[in-house]
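Enquirer: Listed below, chain by chain, are the residues.
Number of protein chains: 2
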Amino acid sequence: MEYRKIKDEDKDEGAAGDDIESLRNKSISAPISNVATLGGESNDRSKWKRNLGKNLENEGVTEDNRLSTTLDEVSVYPIPAALYLVKNLLQYYIFAYVDAPGYQILKNLNIISTGVLYQMILKRKLSEIQWAAFILLCAGCTTAQLNPSSDHVLQTPYQGWIMAIVMALLSGFAGVYTEAIIKKRPSRNINVQNFWLYVFGMVFNAVAILIQDFDAVMNKGFFHGYSLITVLMILNHALSGIAVSMVMKYADNIVKVYATSVAMLLTAIVSVFLFGFHLSLAFFLGSTVVSVSVYLHSIGKLTRQR
Amino acid sequence: MEYRKIKDEDKDEGAAGDDIESLRNKSISAPISNVATLGGESNDRSKWKRNLGKNLENEGVTEDNRLSTTLDEVSVYPIPAALYLVKNLLQYYIFAYVDAPGYQILKNLNIISTGVLYQMILKRKLSEIQWAAFILLCAGCTTAQLNPSSDHVLQTPYQGWIMAIVMALLSGFAGVYTEAIIKKRPSRNINVQNFWLYVFGMVFNAVAILIQDFDAVMNKGFFHGYSLITVLMILNHALSGIAVSMVMKYADNIVKVYATSVAMLLTAIVSVFLFGFHLSLAFFLGSTVVSVSVYLHSIGKLTRQR
Chain A
1 MEYRKIKDED
11 KDEGAAGDDI
21 ESLRNKSISA
31 PISNVATLGG
41 ESNDRSKWKR
51 NLGKNLENEG
61 VTEDNRLSTT
71 LDEVSVYPIP
81 AALYLVKNLL
91 QYYIFAYVDA
101 PGYQILKNLN
111 IISTGVLYQM
121 ILKRKLSEIQ
131 WAAFILLCAG
141 CTTAQLNPSS
151 DHVLQTPYQG
161 WIMAIVMALL
171 SGFAGVYTEA
181 IIKKRPSRNI
191 NVQNFWLYVF
201 GMVFNAVAIL
211 IQDFDAVMNK
221 GFFHGYSLIT
231 VLMILNHALS
241 GIAVSMVMKY
251 ADNIVKVYAT
261 SVAMLLTAIV
271 SVFLFGFHLS
281 LAFFLGSTVV
291 SVSVYLHSIG
301 KLTRQR
Chain B
1001 MEYRKIKDED
1011 KDEGAAGDDI
1021 ESLRNKSISA
1031 PISNVATLGG
1041 ESNDRSKWKR
1051 NLGKNLENEG
1061 VTEDNRLSTT
1071 LDEVSVYPIP
1081 AALYLVKNLL
1091 QYYIFAYVDA
1101 PGYQILKNLN
1111 IISTGVLYQM
1121 ILKRKLSEIQ
1131 WAAFILLCAG
1141 CTTAQLNPSS
1151 DHVLQTPYQG
1161 WIMAIVMALL
1171 SGFAGVYTEA
1181 IIKKRPSRNI
1191 NVQNFWLYVF
1201 GMVFNAVAIL
1211 IQDFDAVMNK
1221 GFFHGYSLIT
1231 VLMILNHALS
1241 GIAVSMVMKY
1251 ADNIVKVYAT
1261 SVAMLLTAIV
1271 SVFLFGFHLS
1281 LAFFLGSTVV
1291 SVSVYLHSIG
1301 KLTRQR
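Chains A and B, in that order, give the protein sequences.
If you read the first sequence in my numbering, its first letter stands for residue 1, the second for the next number, and so on.
If you read the second sequence in my numbering, its first letter stands for residue 1001, the second for the next number, and so on.
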């Protein structure tokens, strides 16, 4: 309840202080610090009132939903694309040190890195109980994924650990930075924000294709090997990408991490009915810990420090 | 801090309201309800002042440390002894349905039953966070004990589950009842209280020996098979029994459950150095969850409902 109220204030203050027009002359090197003040104490509502008329023009092309942009706005969009590119490339190299189930387990480090970077970069403080809940979320998700060969991950060589930690930091930073970009202009249309995020994603991936797979694409064509399943997976990824951007805009990375974790558990439960999956005792224990974590996160909001 | 204060008040009020003399004429059938009022609102300190002189006589034989007792005091002591006897006998029968590692896992149900009975019988309310911590303690201890064959426990037949639940309830009830007995007379010497607890334990066990092992004891003698290890184990059990009774008198069953759980984790860590034990990933995850649980229990005290 209280948290909801804080978030609404954020949006109002954002609409007042961070409108495109008012930011046009600001330094392009300070996008994050602008966002960090979203939850600040400013009670200056006059700008908000001035912009009210503008926000009501929600039909046709307006300043908020037009595709054209400024260097100031667009200059930060390549950053998450570049971070995800590096992280995705690392993903190929880490398998020299870790097997696939081990990698699934190490991926849970994302939860901790997202929490740390969320607090550091967005300056939104998590309460002590919420931090406890976050550690439990990480431990619970890992427990739920345990299988008899999981202990192999403890024999991961230090290069594997370093890569896993770097990947978790890159992924966490990219997520938090995307939230900062999207939240920086709360009145800006989300589809336009997605457009610019994906444009740079496409550019970087095109470069990666040119470097890594140029011959294969030239000989067999770009769509070689595409099946119905491939197309469905692309659609699925595109839709979940849009959903994630909405979570970034209207909620935050913490909600995203919880949603992803609960989705993992629900996927396992659905797999019982669809594929006759066998749920382990570890899954029940991990699910219990994740459930308590969700509960603690929600009651932690009420006592959170501001 | 606040909890400590409440506890101190309990002791004072106990010393005032539940002195042996003043209880001598009370009904012997209401030992628990007396204890349940220990945390009550009574501010009547006059009796406390009257008894102050008596409490200071702490040398030689006094009313508090003399071994002789009244029917009122002693009548409740056989109850925990009987409960533990039934629980220990059930332990032989449950192995028809569960293997030893499975039983270790089911034993963690004790944690939940102790929490439920503690709140129901001693009427000390655990806060919401403390309940969350208690569920985590149970899940974390079980996780720490996971091994590749743990999933067998999910195939336990319903008779095994029922016996495990009954054993957990008996053990939880015996623990909480012992705390009620010991706390009922806060000024009574703890060694005397232990004496009477163990007298009935010995009587019940003597009966069990007569019924189950009469021939063996007659033919081979009572001490047949005793080795140095046996004697050391008896000493160890005796000392830990005295330690537990002190926890019951000066702390409570919740502290006992946490202490037992943390001791289990420490035993595993010590075993790494002594016996070259191999710690599993599940152990690290379970230990993490238990650690967060201990932390949450302690901050839960500050916000606990009274």
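Incorrect hints may have been included.
Examples of chain A residues lying across from chain B (beta carbon under 7 angstroms, computed) [as the list claims (entries may be wrong)]:
#1 Val244
#2 Met246
#3 Val294
#4 Leu296
For lysine to any residue, the following SDA-like pairs were computed, each having C-alpha atoms within a straight-line distance of at most 20 angstroms [said to hold, decoys possible]:
#5 Lys1125(B) - Lys184(A)
#6 Lys1125(B) - Val1076(B)
#7 Lys184(A) - Ile269(A)
#8 Lys1301(B) - Trp131(A)
#9 Lys1301(B) - Glu63(A)
#10 Lys256(A) - Glu63(A)
#11 Lys301(A) - Glu1128(B)
#12 Lys1107(B) - Ser280(A)
#13 Lys1249(B) - Leu1089(B)
#14 Lys301(A) - Val1076(B)
#15 Lys184(A) - Tyr198(A)
#16 Lys107(A) - Lys1184(B)
Everything labelled a hint here was simulated from the structure, so no lab data went into it.
Bear in mind the structure is a predicted one, so any value in this text is a computation, not a measurement.
Just so it is clear, CB atoms sit at the ideal spot from N, CA and C, and this is done for glycine as well.
Enquirer: Run the structure past the numbered hints and jot down the numbers of the failing ones, going up.
Expert: Violated hints (numbers, rising): 1, 2, 3, 5, 6, 7, 9, 10, 13, 14, 16; every other hint is consistent with the structure.
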